[in-house]
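Protein chains: 4
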Amino acid sequence: MTTTLLTGYEPFDDYETNPSETIANRLDGEQIAGSDVVGEVFPVEFEHTNELLCDRINELDPDIVISLGLAPERTAINIERIGINVNSGTGVPDNVGVEPENEPIEADGSDAHFATIPVTKIVRDLADGDIPSRISNTAGTHLCNNALYSVREYAIQNDLDLDSGFIHLPFSPALAIESADAYVSAGTVPPSMPLDLQTEAVRRSIAVATEER
Amino acid sequence: MTTTLLTGYEPFDDYETNPSETIANRLDGEQIAGSDVVGEVFPVEFEHTNELLCDRINELDPDIVISLGLAPERTAINIERIGINVNSGTGVPDNVGVEPENEPIEADGSDAHFATIPVTKIVRDLADGDIPSRISNTAGTHLCNNALYSVREYAIQNDLDLDSGFIHLPFSPALAIESADAYVSAGTVPPSMPLDLQTEAVRRSIAVATEER
Amino acid sequence: MTTTLLTGYEPFDDYETNPSETIANRLDGEQIAGSDVVGEVFPVEFEHTNELLCDRINELDPDIVISLGLAPERTAINIERIGINVNSGTGVPDNVGVEPENEPIEADGSDAHFATIPVTKIVRDLADGDIPSRISNTAGTHLCNNALYSVREYAIQNDLDLDSGFIHLPFSPALAIESADAYVSAGTVPPSMPLDLQTEAVRRSIAVATEER
Amino acid sequence: MTTTLLTGYEPFDDYETNPSETIANRLDGEQIAGSDVVGEVFPVEFEHTNELLCDRINELDPDIVISLGLAPERTAINIERIGINVNSGTGVPDNVGVEPENEPIEADGSDAHFATIPVTKIVRDLADGDIPSRISNTAGTHLCNNALYSVREYAIQNDLDLDSGFIHLPFSPALAIESADAYVSAGTVPPSMPLDLQTEAVRRSIAVATEER
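Chains as they are written, first to last, in numbering that gives the first Met the number 0: chain V, 0 to 212; chain Z, 0 to 212; chain F, 0 to 212; chain C, 0 to 212.
Keep in mind that a hint or two might mislead.
[Said to hold, decoys possible] Straight-line distance between alpha carbons at most 20 Å, and here's what the computed SDA-like set of lysine to any residue pairs gives:
id, chain 1, residue 1, chain 2, residue 2
1, Z, 120, Z, 211
2, F, 120, C, 181
3, F, 120, C, 120
4, F, 120, F, 32
5, C, 120, V, 89
6, F, 120, F, 199
7, Z, 120, Z, 39
8, V, 120, Z, 181
9, V, 120, V, 50
10, V, 120, Z, 177
11, V, 120, C, 99
No lab work stands behind these hints: they were computed from the structure.
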């Protein structure tokens, strides 16, 4: 019997909702492939979120941590391969107005850490389930990348037997409509994926990560 | 009591399925907002399809014709505004190998015809239903544009009390996966929309077009 | 000996410059393939610009009118095929704050007019000159489309022996940098083309249009 | 007086030319900001190129290594931030038909290495020169990423006082036309940048890297 910590984020920027929050809440309490899922939602703050996340890992002692985040404009579920030692806001401040530019997350940390969930197996499994996904080589430099990097760094520093990874989620249809530019007049509408399909993608990802341990 | 002819196309190019075929078949026989839907699937042939389509209109005498087609890479339901008097293959031959380049559909026809279904009302209604859509100003120059143009030209030439329009559909998730480029290695995955959501979009569009007549 | 009226627009939206203005000014007074080029810059106003344009045509009696406009995000020179009878701001008001939504340009006008400059020959010629270009099937619904539609409508109504068309220009490099989103932090930079190459594209287009008359 | 090794690649995939080859050859022998540039072109082979590259570094003992590569579809000069320990062909085999899938470059190597040329200063300098550029967080997983990773790994293993980095170049206009899909019929044309502007971007990048040492 294992435990999976599934993390989401509060809404940020001008978006009214965040699929990562919705899905972390939906799957909280589910048992998936024999792993008890604990879903939790974190604030979007460069200066505190990774500490809160690591504190929670320390407390819960999970076997797997899968973090979720919203990636506007992406067309599919993105299974992130690597987190890098950079905090940079890319024009989007966090929810308390902080926007670092090209700063390290950990002053003496490694340049980057690979996710340790089986990213290739997950994208193949999602394809088998008719859910569009891909491996992504960059989680950006915002809080999402920070979570991926920080959890690996924490696991290594503390010699934890912990697998972790990050999944970037596309817009929900409602967010795509909210973000569309003049759609009644041939403007653009960003790509999206219904929340039920996104939730199923996360469920399958947890199952593959659990079965591969 | 009105009749709606809902047309789809057979698969073309290298795609194994065509959402327009699936949805025309699914909705065939449904009654939507008091309109009897007759769903039919047409071949992808520059030289015959518009004749077959006009023959069927002549036979069935529908009040509304809504034609559906696949638009690879589009991110949302596209309600087409206008059909133009051009056949051009754009690198994709039809299913019998014919590929015209910048030829007129009708030698002495008008340059273009607006769709007469209420395109603005439809995109607003789809947004109300949380289905991403937009007005599109170009249906391309392949069979899809041909259908939109040819049905309007036929209705005008024969003085028919017929409203018609065209809806371009995105990839289904299965088609997006089939068309993805190296997704297990950070390639690209085109945008998609589940067939159930696409079907609901078409159902709502027929309802709005019927109620507005 | 012929005359070509080459029109550009003042800057609009938040852009500090407009390549169409720069190029209309640069080519003003040149003789290209035996055609005297008169370059003029027009304001960006839905309610007046087409009148100003038609008045100028009435005065100058040119053989060819080629109108230029900026198309943010396009990757290449776009030779427009057709102008449609729609004014719609698509989220961008004109320079006096007017933003129509899906209104006709001419209440009883045709649905659309094809450009009468030789669009296919122009894109082939530009390719021969190593300048990326394409035929575009939509000039949008802003002032650019308005110019293409209005000049054709005016020529037809007044039975003028006038060829006309529209060329959409990409960002200059400076505009791309100005419009880039957080490029020092892996944000996006829109595509662009240097003004010298854009100018050469317009020069070649005028030459082809002149030689084909 | 310093030495800069500037590397390019032979053409690969179906592309007839490679801007990285052209520019490495053009700048070979130039002195830029007091650094002697040695331009060299390498084969596109997963199994040998990084060895050839490291052998050449061993021989030449340069102060700076800047590697160039073609990144189809990118809109601007991309200054790469990081190379990761992954070889993966992403659907494009190398020039002898080898296509690894998600394999490590160095079995026991670090997960990734940051470029040590001043990436932020370079993008700011290019913007000052009206050349569109951005920091990129992923150099992919093909030979380009391999060069960035392998040179840093080699420098660290051999304790070299060597700064190195990677610049991804967009299509030249000729390559964009060659890669365009049906541009005479409203197909798509990928973004591009003239080779002179690309060359100037590389020249400025070498100058900034040299001045910052």
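Consistency of the hints with the structure:
1. A threshold of 20 Å between alpha carbons decides the hint, and for residue 120/Z with residue 211/Z the separation of about 9 Å falls inside it, so the pair holds.
2. A threshold of 20 Å between alpha carbons decides the hint, and for residue 120/F with residue 181/C the separation of about 14 Å falls inside it, so the pair holds.
3. Proposed proximity of residue 120/F and residue 120/C is contradicted: the alpha carbons are some 44 Å apart, above 20 Å.
4. Between the alpha carbons of residue 120/F and residue 32/F the distance comes to roughly 15 Å, so the proposed pair stays at or under 20 Å and holds.
5. Using a Cα cut-off of 20 Å, the hinted pair residue 120/C and residue 89/V holds, with the two alpha carbons roughly 16 Å apart.
6. For the given pair, residue 120/F sits about 16 Å from residue 199/F by alpha-carbon distance, which is consistent with the 20 Å threshold.
7. Between residue 120/Z and residue 39/Z the alpha-carbon distance is near 25 Å, which puts this suggested pair outside the 20 Å criterion.
8. At roughly 14 Å between alpha-carbon atoms, residue 120/V and residue 181/Z fall within 20 Å of each other, so this suggested pair holds.
9. Distance check on the hinted pair: residue 120/V and residue 50/V sit about 30 Å apart at the alpha-carbon level, beyond 20 Å; violated.
10. Restraint check for residue 120/V and residue 177/Z: satisfied, since their Cα atoms lie roughly 17 Å apart, inside the 20 Å limit.
11. Under the criterion of a C-alpha separation no larger than 20 Å, the hint pairing residue 120/V with residue 99/C is consistent with the structure, at around 16 Å.
Hint compliance for this structure: hints 3, 7 and 9 are broken, all remaining hints hold.
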